[in-house]
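Undergrad: Listed here are the chains, written in short residue letters.
Number of protein chains: 2
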Amino acid sequence: MNQIFEKLIPYLDKHMAFNTAIAMLDWDNETLAPEESMEYTAKALGVLSEESFSSLINPEVKEILEELSKEKNLSDLELAIIRKLEKQFQKSEAIPPKEMREYTELTSNSGKAWQKAKRENDFSVFAPYLEKIIAFKKKFAGYGKKDGQKLYDVLLDDYEESFGMEELDLFFDKLKKEILPLLKRIQKAPQVDDSFLHLNYDIEKQKEFNRYLAEYMGFDFNRGVMAESEHPFTTNWHNHDVRITTHYYEDNLASAMLSTIHEGGHALYEMGIRDEYTQTLVGEGASCGMHESQSRFFENIVGRSRAFWEPLYKKLQDMFPKQLGKVSLENFVRALNTVKADFIRTEADELTYCLHIMVRYELEKMMIEEDVDVKELPDLWNQKYKEYLGVEPEEDSKGILQDIHWSMGDIGYFPSYALGNAFSAQIYHQMKQDIKVDELLRTGKISVIRDYLKEHIHQYGASLKPRELLKNLTGEEFNPDYYISYLKERFTKEYQLEE
Amino acid sequence: MNQIFEKLIPYLDKHMAFNTAIAMLDWDNETLAPEESMEYTAKALGVLSEESFSSLINPEVKEILEELSKEKNLSDLELAIIRKLEKQFQKSEAIPPKEMREYTELTSNSGKAWQKAKRENDFSVFAPYLEKIIAFKKKFAGYGKKDGQKLYDVLLDDYEESFGMEELDLFFDKLKKEILPLLKRIQKAPQVDDSFLHLNYDIEKQKEFNRYLAEYMGFDFNRGVMAESEHPFTTNWHNHDVRITTHYYEDNLASAMLSTIHEGGHALYEMGIRDEYTQTLVGEGASCGMHESQSRFFENIVGRSRAFWEPLYKKLQDMFPKQLGKVSLENFVRALNTVKADFIRTEADELTYCLHIMVRYELEKMMIEEDVDVKELPDLWNQKYKEYLGVEPEEDSKGILQDIHWSMGDIGYFPSYALGNAFSAQIYHQMKQDIKVDELLRTGKISVIRDYLKEHIHQYGASLKPRELLKNLTGEEFNPDYYISYLKERFTKEYQLEE
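Protein sequences appear in the order of chains A and B.
Going by numbering that gives the first Met the number 0, the first residue of the first sequence is number 0, and it counts up by one from there.
Going by numbering that gives the first Met the number 0, the first residue of the second sequence is number 0, and it counts up by one from there.
Check the hints yourself; a few may be wrong.
Any copy, or any two copies together, can satisfy a pair, since identical chains are not distinguished.
Straight-line distance between alpha carbons at most 30 Å, and here's what the computed DSBU-like set of lysine-lysine pairs gives [unchecked claim]:
1) Lys453 - Lys42
2) Lys435 - Lys144
3) Lys204 - Lys137
4) Lys175 - Lys385
5) Lys183 - Lys13
6) Lys364 - Lys111
7) Lys464 - Lys42
8) Lys204 - Lys464
9) Lys13 - Lys364
10) Lys183 - Lys385
Since the hints were derived computationally from the structure, they do not count as laboratory data.
Can you make the complete structure from the sequences, with help from the hints?
TA: Printed below as a string of C-alpha cells:
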C-alpha cells in the first residue's frame, strides 16, 4: 500500500464502521424494532450520522488528499477510492455549513409535512416546503456548477454522474415517439385475464416459495438474510452480509415474488463485489441506475419471461393447486406481463413504468429550469398523466403527492430509474450474443447468467463508472435504443400484435 | 443543567451511540446474522469498541472532570454520572496502555484456546493461557489496590463494588454449614418424578406459550423483542428497546420456560429504569449481582412456585394435553423444583446452584491469593465437587473447562451470581411484609409485584448502589441469612422433610 494512502485508512475504517452501524439500525428499525424504540434510538442514529460525516470530511483528511494529489505510485483501487473521496469533499465544501444546517432542518420537517399532505390529500400543506426545497436545490446547484452548466444538470449529476438533460431529452423523446403508440395499440387489443393471481394465497406457503425463489436465483443464505417489511428493500454492510425484504399480500401472488426477484437482483450485485473492495468507498454499486439495472434485469427481463418459469412453474402449481392447477404456463406468464396504465408508479407494469418517470422528469425540469409556480404542479401532473397514460388521478394523494422523493430533497433522482431500465436492456442485448440466455433459463442454469453479470458488472463495485462498465461489456457507448427495441419486441409478442 | 457538566454531554452522547451500535451488532450476530458475516463485521465492531473507549477516556474529558470536582451545584443525576465516569477513568488509567494491549490480545487468543481445550477435553491446551491471565490479573489488581487491600478483593470489587472476601467467606461458610446437610437429607428422601417434562413438546407451541408467559409477567412488546439464540441472554440499548432470547428443546419443556422467566426478569429491570436515566451512564442495572437478583427472583422464587402456576397451568395443560393432561399442578410444580446434584452450573437447580459458585470462589481465591499451580486446578475442582455435591466430573470438559469466564479474564465474576440470589431473598423477605405475594400470584396480579420492584429497585438504574437499594428497601444492611432461611424453608417443604 502507498505510504501516504495508508494515512487515510483510520479515517476510512471509522467511516465504514459508522456506516455499518447506521445501516444495521435502519434495517432493524424497518424489520424488527418494537414500536416505541425509534423515538430513543433516533438519538444514537443522529450521533452516528454526524460521526460518519466528520470521519471523512475534516481538515486532516483534506491535507492527506492534497499530499496524495502529488503521488504517482497509486494502485487502481487507491485511485478509485481517492476519486470517490474527492467528490464527497467537493460536494460538502461547496455549501456553507449554515445553509446546510437550514436545509437539513427543512427536509426533516418537509418529510412530516408531505406525510400529512398525502394523508389529508391536501397539496397546500406540502407546497410551501416544496417551494423552499426547490430554492435550496437551485442555490446549491449554483454553488457546484461549472461554467455554462445548467442547474438541473448539476442535480442530475448527483444521482447519475454525467447523465444530463441533453441525453435524457433524446431518450424520453424516443420513448414518447415509440412507446406511446404501442401503449395505445395494446389498450385496444384483447386484454389478459390475471384474476387468478388475486385469489387467496396462504402467506406461509408464499414465504416458503419466495425463499426457494431467492435461493434459486443465487441468493446465498450463508451471506444473506431475508425478512419482511412494509416496503421491500435491500441493504448490506459488506459483501458477506446482504439483506432483502419482501411484503406478502394474501390476495396478490405476484407482488411478493416480483419483489423477491427485484431485491434479489440488487442483492446479487452486492454479493458479487470483490472481497478486496468490500468495506471500502468503492464497495458498493457503480450508481443508482446501475444498481437498478440489475434489479430490473432480474425482475422484468428474467422474472417475467416464459423461459424463467418453465422449470419453476410446476412447483408453484403444486404449492397452490386450487388456484393455479388449471392455469397454463402460457397464461401465467401473460398475466405477469399485463399492461395497465394507472396512477401509481411503484405498481406500474414494465411497459408504462418509464412513462411515470417521464412525467416526473419533465416536472423537475420545469421546477429547476423554468421557474414554474409550485401551485401549478398538481394540474401539470394530472395533464401529463392524461396525455401519456390516458388516466387522470382523482386526487393529489394519488398524483403529485404519491412519491416521497421530493420531500427528502431528491430532485434529479427519478431519471436514474429510467436509465437503469435502459442499462439493463443494453446489457441484455450483449448477453444474448455471448450466452444462450433463454436456453439457460429454460434448463434451470440461471447461475451462468449470474456469473456473467458478476464477471462484467458486479465484481467491480464502484471502481468503474457506469459508462465504463457498459463500454467494456458491450463495446459501445450508452444507447437507449436497445431498451426501446426490447420493449417493442416483448409487448408486441405478449399481446400478439401484428409487427 | 450545570454549565460545566454540559460540556460532558457530547462525549457522553458519542459513548451512548457507539454502545448502542455495539449492542445491536452483538444482538444481530447472536440471533440473525448469516454464517459468513462476522468475519467481516468484526472489523466494524473493533473500530466501534475503540471509539466507545476513547469517546470517554481522553484528555478533554479528564479536564472537564477536574473542573467538575470543584463544582457544587450538581444534581443527583449529574453526581451519579460523574461517579461512574471517574471510576472508569481510574480503572483505565491505572494500567499502562502497553500492558492493556498485551492483555487484550491474550484474552482474545485464550478464548479460542479454551474452546479447543473444551472440545478436545484437554486442559493442557488452556492451562498456559490461564496461567498468564492470572499473572496479568494479579498485576492489574496490584496497580489498583488501596493500602492493605488484598488482590482478590480488588478483582471482586470490579464486579460487585465493596463486596470482598470477608463478607463472602461468611456467606459461603453459612451455606456450607446449612445447605450441605440439607442436600444430603434431600438425596435420601423419596425422589420426584419429572420425566413428563422430557416428553416430546412441539416447538411452535412452546414458542406460543413462552410469548404468552413473557407478556403475562409484564414484558412489554411495544418496547421489546423476543427471539432465539444458542444461549439465552438479555440486551438493550435503552429502556424502550429491551430484547430477550430463549432456546427451545423438543425434549425439555422447562428449559425454555425458565429461561424466558429468567431473561424476562432482567428485561423488566431495564424496562423499569426512568426515562431521564436511560441512555446515560446510570441507565443500566445497579450491578451484576443486582441484575441477577431480579432474574433469579422471577425464575426461582416466582417461576417455580405453586402460586405462580395456579392461574397458568390450565393453559399449559390445554396446549399439551397428551403430555400434561394427567399431571396435577402439585406434581408439575414439584418437578420444577427437582434437586439433583450434578456437574454443570448452568443446568443446576435452585438449591445446588450456589454450591457450584462456591467451588469457583474457592479456586479463584487460591489462584490469586495462594499461588496455586495451575496444573493442580482440575484435581482441586474435582475434589471440591466430590466434597460439596457428591459427584465427580468424568472429564475436564464437564469440570474445570465448563465455563467461559476465566478465558475472558473474568476472575471475580462468579460470586456476583451468588450475591444476586442472596439479594433476591432479602428483597423477597421485605416484599412479603408489604404485599401479599402469594395471593397476588395466585390471582394473576403479578403486575403488583412488578410495580413493587420497579418502585424500589428498577427505576433507579445505577444511580444508587446495591447496598443503598437494599438498605432503602429493607431498612437493613446486606444479610445473607434470608437466603439460607428461604432455601431451607422451601426445600424442606418441597421434599416434605421433617422440620
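Undergrad: Which hint numbers doesn't this structure obey?
TA: 2, 3, 5, 8, 9
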